[in-house]
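Asker: First residue of the sequence shown? That's 2 in my numbering, and the numbers climb one at a time after it.
If you're looking for bench data, these hints aren't it; they were derived computationally from the structure.
Any given hint could turn out to be false.
[Unchecked claim] The calculated lysine to aspartate or glutamate pairs, modelled on DMTMM-like cross-linking and capped at a C-alpha distance of 20 Å, are: (1) K318 with E308; (2) K290 with D305; (3) K318 with E220; (4) K18 with D196; (5) K101 with E76; (6) K321 with D291; (7) K18 with E199; (8) K290 with E308; (9) K321 with E229; (10) K318 with E260; (11) K139 with D299; (12) K18 with E229; (13) K18 with E145; (14) K321 with E260; (15) K18 with E260; (16) K101 with E199; (17) K318 with E229; (18) K321 with E220.
Quantities reported herein were computed from a predicted structural model and do not represent experimental measurements.
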Amino acid sequence: MADILCVIEQRGGAVRKGANELLTAARQLADQLGGRVDALVCGAGAVSGIESLGAAGADRVLTASHEAFAQYAPEAIVATVQSVAGQYAAVLVAATATGKDLAPRIAAAIGAPCGMDVTAVSALNGAVRVVRPVYAGKAIQTLEFSGTAVVAVRPGAYPAAASGKAGAVESIAVPAFTPRLVVTGIAAPEKATLDVAEARVVVAGGRGLGDPQHFGLLEALAAAFGGEAAVGASRAVVDAGWIEHGAQVGQTGKTVAPELYIAVGVSGAIQHLAGMRTARTIVAINRDKDAPIFKVADYGIVGDLFEVVPALTAAVKAAKGQ
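With the hints as extra help, turn the sequences into a complete structure.
Answerer: Here it is as structure tokens:
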């Protein structure tokens, strides 16, 4: 077996950001094995964005249509993957909140090993080899799988690359399945915000803010980047109820890999670092010069955040001509 299957996430009838990154990982692995890449998209109808999957690395796009796919339907997705998984060397999913739930389900259903939060995947003597951080990033684990493997790839671990190909689109049937849970709807937050896992820029706040109202400073800085930034947070302020859990970055929150990560008043506990240390550029703002966050920062500003952040916001606005 040399072919690779990518399970592509969609939400609201559109392919989610990060699909191209996953296909980059799959393309590299398939090329090493001498196989092809198939992208599986499960939707309730037409899904926008599938036309770009071929150019991102898929040789073939498999579409599965069922009304259950209008919401997240793990049993239906697992049944669909299980019906074709035997012909693949690996099944790749993105290690998003959904992917982290889906990957072990698929692995259990097909009796395959599962590698979670993988940052590198390759072929070695015909086997699939994965690299993943463990112990909150303090150690690196390498695993080798024989037979079909399920691999959840960390978002941001691979760049989105274009192969220039135009993948053929084929339909496959959805096997019978028994749903144990039915999602009837999703309530959007009152204030629509960009998901921290999908933002190019993340401005994260910690206990150094002192008060939940001071997140307004971070929102203003994020807004200055013009819709490509999201506000994140450490676990401490989420547990304190200062901001919703969806903004939490870290081992028990979301793993992010933005182009720019600005940590404001974040001390840098190892659990937080595990969720953001792969950001391309890290800027830390803290009055404590000995804060652990400075050990991973590319740029550190020791100072009063209530002076630094407004000045930084003004500088970003000026640079963007606002």
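Asker: Work down the list of hints and note, for each, if the structure agrees.
Answerer: We went through each hint and held it up to the structure:
Restraint check for K318 and E308: satisfied, since their Cα atoms lie roughly 16 Å apart, inside the 20 Å limit. The straight-line distance between the Cα atoms of K290 and D305 is roughly 11 Å, inside the 20 Å bound, and the hint therefore holds. Taking the CA atoms of K318 and E220, the gap is about 13 Å. The hint holds against a cut of 20 Å. Proposed proximity of K18 and D196 is supported: the alpha carbons are some 10 Å apart, at most 20 Å.
For the hint linking K101 to E76, the alpha-carbon distance of about 14 Å falls within 20 Å, and the restraint holds. A threshold of 20 Å between alpha carbons decides the hint, and for K321 with D291 the separation of about 33 Å lies outside it, so the pair is violated. Between the alpha carbons of K18 and E199 the distance comes to roughly 7 Å, so the proposed pair stays at or under 20 Å and holds. Restraint check for K290 and E308: satisfied, since their Cα atoms lie roughly 16 Å apart, inside the 20 Å limit.
A threshold of 20 Å between alpha carbons decides the hint, and for K321 with E229 the separation of about 13 Å falls inside it, so the pair holds. A C-alpha spacing of about 18 Å is found between K318 and E260, which places the hinted pair at or below 20 Å, so the restraint holds. For the hint linking K139 to D299, the alpha-carbon distance of about 19 Å falls within 20 Å, and the restraint holds. With a C-alpha separation of about 13 Å, the suggested pairing of K18 with E229 holds against the 20 Å cut-off.
For the proposed pair K18 and E145, the alpha carbon gap of about 28 Å is over 20 Å, so the pair is violated. Taken as a hint, the K321 and E260 pair is honoured in the structure, with Cα atoms around 17 Å apart against an allowance of 20 Å. Among the hinted pairs, K18 with E260 is consistent with the structure: their alpha-carbon atoms are about 15 Å apart, no more than 20 Å. For a cut-off of 20 Å, the pair hint linking K101 to E199 stands: about 16 Å separates their Cα positions.
A distance of roughly 14 Å separates the Cα atoms of K318 and E229; the hinted pair therefore holds under the 20 Å criterion. Pair hint K321 plus E220 holds up; C-alpha atoms about 17 Å apart against a cutoff of 20 Å.
The structure fails hints 6, 13 (numbered hints given earlier, in ascending order).
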